[in-house]
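One letter stands for each residue in the lines below.
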Amino acid sequence: MISPKNIDQWTTIIKPRSGWLELKIGELFHYRDLIMLFVKRDFVAIYKQTILGPIWFIIQPIFSTLAFTLIFGNVAKIPTDSIPHALFYLSGIICWNYFSSCLIKTSDTFIANSYIFGKVYFPRLTVPISIIITNLITFLIQFILFIGVFLYYYYTQPNIHPNVGIVFLPFLIMQIALLGLGFGIIISSLTTRYRDFNYLLGFGIQLWMYGTPIVYPLTEIPDKWKLLFILNPMTAIVETFRYSFIGKGGVSALYLIISVIMTIILLIIGLLLFSRVEKNFMDTV
Amino acid sequence: MNDIAIEIENVSKEYRLGIINHGMLYKDLQSWWAKITGKEDPNSLIMSNDISKQIDKQGRFWALQDISFKIKKGDLIGIIGRNGAGKSTLLKIISKITTPTSGIIKINGRISSLLEVGTGFHPELSGRDNVYLNGAILGMKKREINNKFDEIVDFSEIGKFIDTPVKRYSSGMYVRLAFAVAAHLQPEILLLDEVLAVGDARFQKKCLGKMEEVSKNEGRTILFVSHNMSSIASLCKRGILLGNGRMVIDSSAVGAVQHYYMENSSFLGEISDFKDSEKSGDDIASILNAKIINSQGVVATEFNIHEDIIIEYEYSVTKDNHKLNPNINLYNIQGVRIIISIDSLLDPDGALKKKKGVYKARCIIPGNLLNDGSYYIDLLLHTYETNTCHFVVRDALRFTIVDPMDETKTRGDYRGEWAVLIRPALKWECEKIK
Numbered sequence: 001m002i003s004p005k006n007i008d009q010w011t012t013i014i015k016p017r018s019g020w021l022e023l024k025i026g027e028l029f030h031y032r033d034l035i036m037l038f039v040k041r042d043f044v045a046i047y048k049q050t051i052l053g054p055i056w057f058i059i060q061p062i063f064s065t066l067a068f069t070l071i072f073g074n075v076a077k078i079p080t081d082s083i084p085h086a087l088f089y090l091s092g093i094i095c096w097n098y099f100s101s102c103l104i105k106t107s108d109t110f111i112a113n114s115y116i117f118g119k120v121y122f123p124r125l126t127v128p129i130s131i132i133i134t135n136l137i138t139f140l141i142q143f144i145l146f147i148g149v150f151l152y153y154y155y156t157q158p159n160i161h162p163n164v165g166i167v168f169l170p171f172l173i174m175q176i177a178l179l180g181l182g183f184g185i186i187i188s189s190l191t192t193r194y195r196d197f198n199y200l201l202g203f204g205i206q207l208w209m210y211g212t213p214i215v216y217p218l219t220e221i222p223d224k225w226k227l228l229f230i231l232n233p234m235t236a237i238v239e240t241f242r243y244s245f246i247g248k249g250g251v252s253a254l255y256l257i258i259s260v261i262m263t264i265i266l267l268i269i270g271l272l273l274f275s276r277v278e279k280n281f282m283d284t285v
Numbered sequence: 001m002n003d004i005a006i007e008i009e010n011v012s013k014e015y016r017l018g019i020i021n022h023g024m025l026y027k028d029l030q031s032w033w034a035k036i037t038g039k040e041d042p043n044s045l046i047m048s049n050d051i052s053k054q055i056d057k058q059g060r061f062w063a064l065q066d067i068s069f070k071i072k073k074g075d076l077i078g079i080i081g082r083n084g085a086g087k088s089t090l091l092k093i094i095s096k097i098t099t100p101t102s103g104i105i106k107i108n109g110r111i112s113s114l115l116e117v118g119t120g121f122h123p124e125l126s127g128r129d130n131v132y133l134n135g136a137i138l139g140m141k142k143r144e145i146n147n148k149f150d151e152i153v154d155f156s157e158i159g160k161f162i163d164t165p166v167k168r169y170s171s172g173m174y175v176r177l178a179f180a181v182a183a184h185l186q187p188e189i190l191l192l193d194e195v196l197a198v199g200d201a202r203f204q205k206k207c208l209g210k211m212e213e214v215s216k217n218e219g220r221t222i223l224f225v226s227h228n229m230s231s232i233a234s235l236c237k238r239g240i241l242l243g244n245g246r247m248v249i250d251s252s253a254v255g256a257v258q259h260y261y262m263e264n265s266s267f268l269g270e271i272s273d274f275k276d277s278e279k280s281g282d283d284i285a286s287i288l289n290a291k292i293i294n295s296q297g298v299v300a301t302e303f304n305i306h307e308d309i310i311i312e313y314e315y316s317v318t319k320d321n322h323k324l325n326p327n328i329n330l331y332n333i334q335g336v337r338i339i340i341s342i343d344s345l346l347d348p349d350g351a352l353k354k355k356k357g358v359y360k361a362r363c364i365i366p367g368n369l370l371n372d373g374s375y376y377i378d379l380l381l382h383t384y385e386t387n388t389c390h391f392v393v394r395d396a397l398r399f400t401i402v403d404p405m406d407e408t409k410t411r412g413d414y415r416g417e418w419a420v421l422i423r424p425a426l427k428w429e430c431e432k433i434k
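Keeping their order, the protein sequence lines are chains X and P. 285 is the number that my numbering gives the last residue of the first sequence; the numbers go up by one with no jumps. 434 is the number that my numbering gives the last residue of the second sequence; the numbers go up by one with no jumps.
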């Protein structure tokens, strides 16, 4: 067909859809300005015409924490590894918030942007990547809130022992982002054909939260169910996050490794599906 | 290095008709129900005569079939064709929005496609932010936009409103800003789809001028898809005519435009089948037939420039007491509307209100009015009092006026070309006064 020498002469060659993975990292890099502009757009646009603006980022976890403390802590009396309730729930909530917002927003990539995608080409992956960056900013704001609460308890309670795990925090956060991205682009690729997946995700994510140690600690899980929880990559992430700051929990290195492997698998499946779907999805949307 | 900007080889694009989101059972039930209730089968709607040619035995619809051509660097090429001819599909494939089913396209140079202006504009963001966002979506780097920013703002004539959210802009400002960004793109190859159909006429002209200037001075290759034949004919050097997904002709732009009109003229001087027309009638009146005749009463499509051209059409009126105004639009081959003519008798006492029956409208275009060239005509019937349109047949009749260069009525001794829209024989009086 085409000799390699010929290929060099052309900047772009458009062929029928073929192959599974054509990741164009170079192209993504070329469009890095676009990613940052998307981030800016989303960040600015979310709270335009609201009175409280970005304060909502903080209000939401505070109220969730209060609600959880009341319902799960005081009414249902679910133990929290003897960690102060507010600290326990807030740590789980901010991790879960970051994950679920990455997942939900990226799962909508193709449908929500089909209008733009139908008019101009740019690497489609710029959109989900910009989404996880936008949500990272939200996460960091909530993280500052968490640090405040943490410091309060650190100086008032004797049994809080932050440890070396904190060093790995950036990797943990990155893992949340990649997990949300990977799973989100799987859903977004599937929804181009069957919108059912969007509805499925809507309540699926709620069930998933209750299947993750957010409102209860991993140590409370009976051994026969533990394997299921370990296969859920969010379990080890939330538990490790808590362990790093508080020094309590049931997480082990093995659990974390399994979680990382699961994340990588999901991310690869996501990228494969995404790169396959992005080329032709305009024909089916 | 070769001088080819785009090489398209045997490109085809297949769409599956309606399989994706409809289970077969559902479709069958729908068709079955339509049959019982005597309605048109909703699943066969798309199968007009024209389109069925593009469907193969397996029921696959070929939006493009075996398209091949090359575009040289610096060329300005127009792609024309009727709706559904495959123009936009081709442009979408070249701009990587979708992939071809088979075939290959090779592109040499940085490419930008402008299938629309203002893609990705966000109403909450300021004009400034949107310039950056839109520019980046179109493939510009932040640095490039920085360099061009003042020029873009100047061109858009937005001035001090650049920091206002675009949701507060008038639609004109919005379009001007969007276009200003687009006009300052600097790809080596630019794909344009009908985007010029926006904005006011003066701004359109400015954009066209800018485009022409760029392609001339900087050797930019431009691929231009449009319905506007006059802009294709005046801007482009080369024209490609697509029909039913196939390439019909690849020639000079004017040649392709001419072919486009000729090709669509299976009915030229006479027409009595109106099922493909925009609106062939309503409960008050419908068109029956139409023809162009010469002064001897013979159907003709070619006229001497001095001859009268008579447009005749018959319509049936099925309700009493409506005042009906037949009217025609006359266009030249570039798509410029030259004449609107209305049977405009006033009717103060209501005497012209028509009874049921069959009527014939006749409009005489005198000789020595139009320039030589090809023309086409829309036939219409209105009731202007209620602002109702009873029928519209676009592009119903065509004719060509030839200049035999024999007489001296308008031409005198002049032997050159008439680059004008009309060529009426006006009255001149010249006398010696001193």
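Incorrect hints may appear among the rest.
[Said to hold, decoys possible] Below, simulated DSS-like cross-link-like pairs (lysine-lysine); rule was C-alpha separation at most 25 Å, straight line: (1) P:K160 <-> X:K15; (2) P:K279 <-> X:K15; (3) P:K96 <-> P:K160; (4) P:K142 <-> X:K24; (5) P:K160 <-> X:K48; (6) X:K24 <-> X:K40; (7) P:K73 <-> P:K210; (8) P:K354 <-> P:K279; (9) X:K24 <-> P:K141; (10) P:K216 <-> P:K70; (11) P:K73 <-> X:K15; (12) P:K141 <-> X:K40; (13) P:K210 <-> P:K141; (14) P:K355 <-> P:K279; (15) X:K279 <-> P:K141; (16) P:K216 <-> P:K160; (17) P:K160 <-> X:K40; (18) X:K15 <-> P:K96.
Quick caveat, the hints were computed from the structure, so don't treat them as lab data. Computed from a prediction, not measured in an experiment: that's the story for all the values here.
Looking back at the hints listed earlier, which ones does the structure fail to meet? Numbers 1, 2, 3 and 16 - these are the hints that the structure violates, sorted from lowest upward.
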